[in-house]
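Go ahead and model the full structure; you've got the sequences and the hints to work with.
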Amino acid sequence: MKILVVDDYATMRRIVRNLLTQIGYTDIDEAGDGVSALAKLRESKFGLIISDWNMEPMTGLQLLKEIRADAKLAATPFIMVTAESKTENVIAAKQAGVNNYIVKPFNADTLKQKIQAVIGG
Amino acid sequence: MRNSSKPFMAEIQKARRNGHPFQAPADEAAAAPVALPAGPLQVDHSEVMRAIDHLGAKLDRFLTMDAQQIEHIQVEIADISGRIKATKVEMAAIRHPLAGDDKFQQASQELSAVVSATEAATNTIMACAEELEEVVHELKSSLPEGYHNDRVNDMNEIIVRIYEACNFQDLTGQRITKVVRALTFIEERVDAMMGHWNKREFEAMPLPPTVTKMDESLELHGPGDHQEMGNISQADIDALFA
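Heads up: the protein sequence lines correspond to chains A and B, in order.
Once you know that position 19 of the first sequence is 18 in numbering that gives the first Met the number 0, the rest is easy, because the numbers rise by one and skip nothing.
Once you know that position 50 of the second sequence is 49 in numbering that gives the first Met the number 0, the rest is easy, because the numbers rise by one and skip nothing.
Treat the hints loosely; a few may be bogus.
Across the chosen pairs, the derived CB separations fall in these ranges [as the list claims (entries may be wrong)]:
| id | chain 1 | residue 1 | chain 2 | residue 2 | range |
| --- | --- | --- | --- | --- | --- |
| 1 | A | A91 | B | D100 | 37 to 45 Å |
| 2 | A | T20 | B | L206 | 33 to 41 Å |
| 3 | B | A120 | A | A73 | 16 to 24 Å |
| 4 | A | N106 | B | L206 | 46 to 54 Å |
| 5 | A | A9 | B | R174 | 37 to 45 Å |
| 6 | B | D100 | A | A9 | 27 to 35 Å |
| 7 | A | T25 | B | A164 | 18 to 26 Å |
It should be emphasised that the hints constitute simulated quantities derived from the structure, not laboratory data.
Since the model is a prediction, treat every value here as computed from it, not as a measurement.
Where is the CB? At the ideal position from N, CA and C, for every residue including glycine.
Right, dumping it as structure tokens:
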């Protein structure tokens, strides 16, 4: 399964990539913002998106809404990994169609559990 | 029509020219003063005096109260003036127009430097952990099952914990960015407040004391980029001691 990691922080993408590798996922691509993530999603098929929320110029929530509004991408599982932990934010993400939500800081076990819950591994 | 008993000079001169002395009209002549009764005049003016006394008392009360109020207002104005002056001094201490250093800019730069430094350190830690991971994988594939192989697995779990711990960098970065935004907001508000006053007033105020730590007459700035004005690189220091 190919995973797209979206975060504007290169260090964070590196952390997520390494943790994914540790828990057994090696087919990983990265995007630094929502716009380039959408471009990559339209170029090739991904089995999962792991995205940050707070990014410029397109936020993780906007990316999620774009994906859910696109018939070809709408079914792609989406996990939000973010420092945003306000209840209303989590609810807004859920209403926009996020499959799971991880609040930073997180560990490899949490990431593994959430991925399994989403893709049913 | 003239009611006055006093004739005009023109009337007197005209009468003289005609050869007759001037005579007042009959009705004026009739208005001769009435003779007063003989003996001392008895007038009861006690009521008028009482009214004057009453008015005087009222005026005294009014003047006394007014003076107190004026005094009170003067005290309040002096107080407000003092507070405005003190506020201006504090504002000048924050952002003196003639101060060489900009405290807000300095604070923002220091915080940005913290983000850059922790990011660089995190990347170094990550790179080291990645190299260790490669070594661990090599060892694991070359070792038979058993104690040593188990220990190599333990090492791998430690490497995962290092990756997890590196989360801190993203979070501290976001928190520091929030602080920088708050600083920018305060800076804008201070600038706006100072904009309401004459800039020259602030220039005349005493310069704020430095917040830099001093050792005798030397300023201790702590960590700084060697490319910053006034800083020297290790290579240049080495050259000095060569």
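>> Quick check: does the Cβ-Cβ distance between A91 (chain A) and D100 (chain B) fall within 37 to 45 Å?
In response: holds (43 Å)
> Does 33 to 41 Å hold as the CB distance between T20 (chain A) and L206 (chain B), or does it fail?
Replying inline: violated (57 Å)
> Range hint 27 to 35 Å: satisfied by the CB atoms of D100 (chain B) and A9 (chain A)?
Replying inline: holds (33 Å)
> For the pair A9 (chain A) and R174 (chain B), does the Cβ-Cβ distance stay inside 37 to 45 Å?
Replying inline: violated (19 Å)
> Using the C-beta atoms of A120 (chain B) and A73 (chain A), is the stated range 16 to 24 Å upheld?
Replying inline: Given about 41 Å between the Cβ atoms, the range is violated.
>> 46 to 54 Å was suggested as the range; check whether the CB atoms of N106 (chain A) and L206 (chain B) agree with it.
In response: holds (51 Å)
>> 18 to 26 Å was suggested as the range; check whether the CB atoms of T25 (chain A) and A164 (chain B) agree with it.
In response: holds (22 Å)
Comparing the model with each earlier hint shows violations of hints 2, 3, 5; every other hint is respected.
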